[in-house]
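There are 2 protein chains.
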Amino acid sequence: MRTYLDCYPCFLRQALDAARFAGASGEQQADVLQDTLELLQSIDPSTTPPEIGNQIHRKVRETVVSSDPYNDVKRASTEEALRLRPWMRAAIAGSQDPLETAVRLAIAGNIIDYGHSAHYDLEATIADATQQPFAVNDMDALRSALTLAQDNGDGVLYIADNAGETVFDRAFVEILDLDVTYAVKEAPVLNDATLDDAQQAGLDACCTLVSTGTDTMGTILSLTSAAFQRRFSAAKVIIAKGQANYETLSPGDERIFFLLKAKCPVIARDLGVETGGLIVKQGGTV
Amino acid sequence: MRTYLDCYPCFLRQALDAARFAGASGEQQADVLQDTLELLQSIDPSTTPPEIGNQIHRKVRETVVSSDPYNDVKRASTEEALRLRPWMRAAIAGSQDPLETAVRLAIAGNIIDYGHSAHYDLEATIADATQQPFAVNDMDALRSALTLAQDNGDGVLYIADNAGETVFDRAFVEILDLDVTYAVKEAPVLNDATLDDAQQAGLDACCTLVSTGTDTMGTILSLTSAAFQRRFSAAKVIIAKGQANYETLSPGDERIFFLLKAKCPVIARDLGVETGGLIVKQGGTV
Numbered sequence: 008m009r010t011y012l013d014c015y016p017c018f019l020r021q022a023l024d025a026a027r028f029a030g031a032s033g034e035q036q037a038d039v040l041q042d043t044l045e046l047l048q049s050i051d052p053s054t055t056p057p058e059i060g061n062q063i064h065r066k067v068r069e070t071v072v073s074s075d076p077y078n079d080v081k082r083a084s085t086e087e088a089l090r091l092r093p094w095m096r097a098a099i100a101g102s103q104d105p106l107e108t109a110v111r112l113a114i115a116g117n118i119i120d121y122g123h124s125a126h127y128d129l130e131a132t133i134a135d136a137t138q139q140p141f142a143v144n145d146m147d148a149l150r151s152a153l154t155l156a157q158d159n160g161d162g163v164l165y166i167a168d169n170a171g172e173t174v175f176d177r178a179f180v181e182i183l184d185l186d187v188t189y190a191v192k193e194a195p196v197l198n199d200a201t202l203d204d205a206q207q208a209g210l211d212a213c214c215t216l217v218s219t220g221t222d223t224m225g226t227i228l229s230l231t232s233a234a235f236q237r238r239f240s241a242a243k244v245i246i247a248k249g250q251a252n253y254e255t256l257s258p259g260d261e262r263i264f265f266l267l268k269a270k271c272p273v274i275a276r277d278l279g280v281e282t283g284g285l286i287v288k289q290g291g292t293v
Numbered sequence: 008m009r010t011y012l013d014c015y016p017c018f019l020r021q022a023l024d025a026a027r028f029a030g031a032s033g034e035q036q037a038d039v040l041q042d043t044l045e046l047l048q049s050i051d052p053s054t055t056p057p058e059i060g061n062q063i064h065r066k067v068r069e070t071v072v073s074s075d076p077y078n079d080v081k082r083a084s085t086e087e088a089l090r091l092r093p094w095m096r097a098a099i100a101g102s103q104d105p106l107e108t109a110v111r112l113a114i115a116g117n118i119i120d121y122g123h124s125a126h127y128d129l130e131a132t133i134a135d136a137t138q139q140p141f142a143v144n145d146m147d148a149l150r151s152a153l154t155l156a157q158d159n160g161d162g163v164l165y166i167a168d169n170a171g172e173t174v175f176d177r178a179f180v181e182i183l184d185l186d187v188t189y190a191v192k193e194a195p196v197l198n199d200a201t202l203d204d205a206q207q208a209g210l211d212a213c214c215t216l217v218s219t220g221t222d223t224m225g226t227i228l229s230l231t232s233a234a235f236q237r238r239f240s241a242a243k244v245i246i247a248k249g250q251a252n253y254e255t256l257s258p259g260d261e262r263i264f265f266l267l268k269a270k271c272p273v274i275a276r277d278l279g280v281e282t283g284g285l286i287v288k289q290g291g292t293v
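In order, the protein sequences belong to chains A and B.
In this text, residue positions in the first sequence follow my numbering: the first is 8, and each later residue adds one.
In this text, residue positions in the second sequence follow my numbering: the first is 8, and each later residue adds one.
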């Protein structure tokens, strides 16, 4: 997804939020803001929003000298989600359509996103996600793709998004009778999940954990490691979680299923849905 | 009030909103955005937000070549408010404290503000404004100042804000037994009231209409005409309506009473109140 003009004000807000989150002084906040203004003057219109976000977060880390300002909230998010795990598993197992319920919960977990807002209501989001209709509903295609993968003995490449959301992903993966490779960030950026976060969430018990080889938000294929690129090319089914993966991988191709909550109004408009909509979207379509 | 770091994202949003409101093409919107980024890189930290807003709106007018994009909505806002006039007058006349009710309604009218948002709910705001407690309550000081002015035969300088809001100001002015000079903008900027707008609202029937001599939002004294500056210096009581007048005239001195609704979170924080609060604040205090 390209960067829209409406993203510009949001980048400045994100820069300030991130600087403050990292404990920046007033002077450091002003520095980050000035650097962001400069950056925004020179971006190529085809750049995706997460690429700009990456530069902003790198600048914050350089200015504030904090290697991972989100470490504490990531651990707390994961712990909070783990406490919901017994309920999650029971909800899926007791559902008439466990796969759809697992997908809905995996999307609900996507609300744990410190890029969008430091404030979210996990329980309300879960309640909504289990009830509201999908805004884009390619569930049938996802179901067929997973069944076919099972028949053919193919695995699934599952591209993670945020720490905490990982626990919801785990509940989804556990009901799949498939080899799942779960890809996380090589190093911290925002509250995106890293190997440590995935392990804390217990994903190592049900998946092969790999890294994309980068510390950039979303999946900017050209920046990922050669090993990840090979996995991506070879994969028969790819699940891409969250906004940043949609922004960087869309439109993609039919192997990809984007699962996300359209929290940002610009992404919602790009998808042709209302803000807050639940999205299960197969790639390759416009 | 100085410009806060949180104002920067909002300036970009205002620039986009204003460009679109003026009917700018995508390319023109991008131009306005780039110019705003450049402008924001070079502002003096002591500049008030409306001074930056003025430059943005001037740029929009230059880029889009529309002398007054807000003309139609200003006329419609005034007509909408005029339809409420019989109700307004009855509400004030039937009130136990007509002065306070008139002040509350004058503040409610301040929601008609296309700088803050092109969407507002006038009726809901009126209902709130007649009931909620003041967030800053210098009503006693205002009451005393108006009584003293009446005893001494002094007039009041009333600095207007937006078109449509003017009709609410008129209902307030009409219950004052005082000579009121009502100051509007010399030329259009945003949906701020000009002489035409004040006449459409019927202010000429109860006030002496004057202009500040500028087309800048708020009241940047150094930019106003010599005639306005003399009036301002000589005035014993000054009523300054709306956010931009607060931003440009605060802290001011004890002759000034700021009447506004704190719609913007940064202004609300500057005032030490919750967003949406009703403000009657005497100048000269911090």
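Hints may contain errors.
Since the list can't tell identical chains apart, any single copy or any two copies may satisfy a pair.
[Unchecked claim] Here are the simulated SDA-like pairs of lysine to any residue, each with C-alpha atoms no more than 25 Å apart in a straight line:
(1) Lys243 <-> Asp128
(2) Lys270 <-> Leu129
(3) Lys243 <-> Glu86
(4) Lys243 <-> Gly33
(5) Lys243 <-> Leu185
(6) Lys66 <-> Gln157
(7) Lys66 <-> Leu12
The set of hints was computed from the structure by calculation and includes no laboratory data.
None of the values given here were measured: they were computed from a predicted structure.
Consistency of the hints with the structure:
1. Taking the shortest Cα distances, Lys243 and Asp128 never come within 25 Å of each other, neither inside one copy (35 Å) nor across copies (51 Å).
2. Taking identical chains as interchangeable, the C-alpha atoms of Lys270 and Leu129 lie at most 25 Å apart only when both belong to the same chain, with a minimum of 13 Å there against 28 Å between chains.
3. In this homomeric assembly, Lys243 and Glu86 never come within 25 Å of each other (Cα to Cα): the closest approach is 32 Å inside a single copy and 62 Å across copies.
4. For a Cα distance limit of 25 Å, the shortest separation of Lys243 from Gly33 qualifies neither inside one copy, at 49 Å, nor across copies, at 39 Å.
5. Only within a single protomer do Lys243 and Leu185 lie at most 25 Å apart by alpha-carbon distance; the minimum there is 12 Å, versus 81 Å between protomers.
6. Taking the closest pair of Cα atoms, Lys66 and Gln157 never come within 25 Å of each other, the shortest separation being 44 Å inside a single copy and 60 Å across copies.
7. Taking the shortest Cα distances, Lys66 and Leu12 sit within 25 Å of each other both inside one copy (21 Å) and across copies (17 Å).
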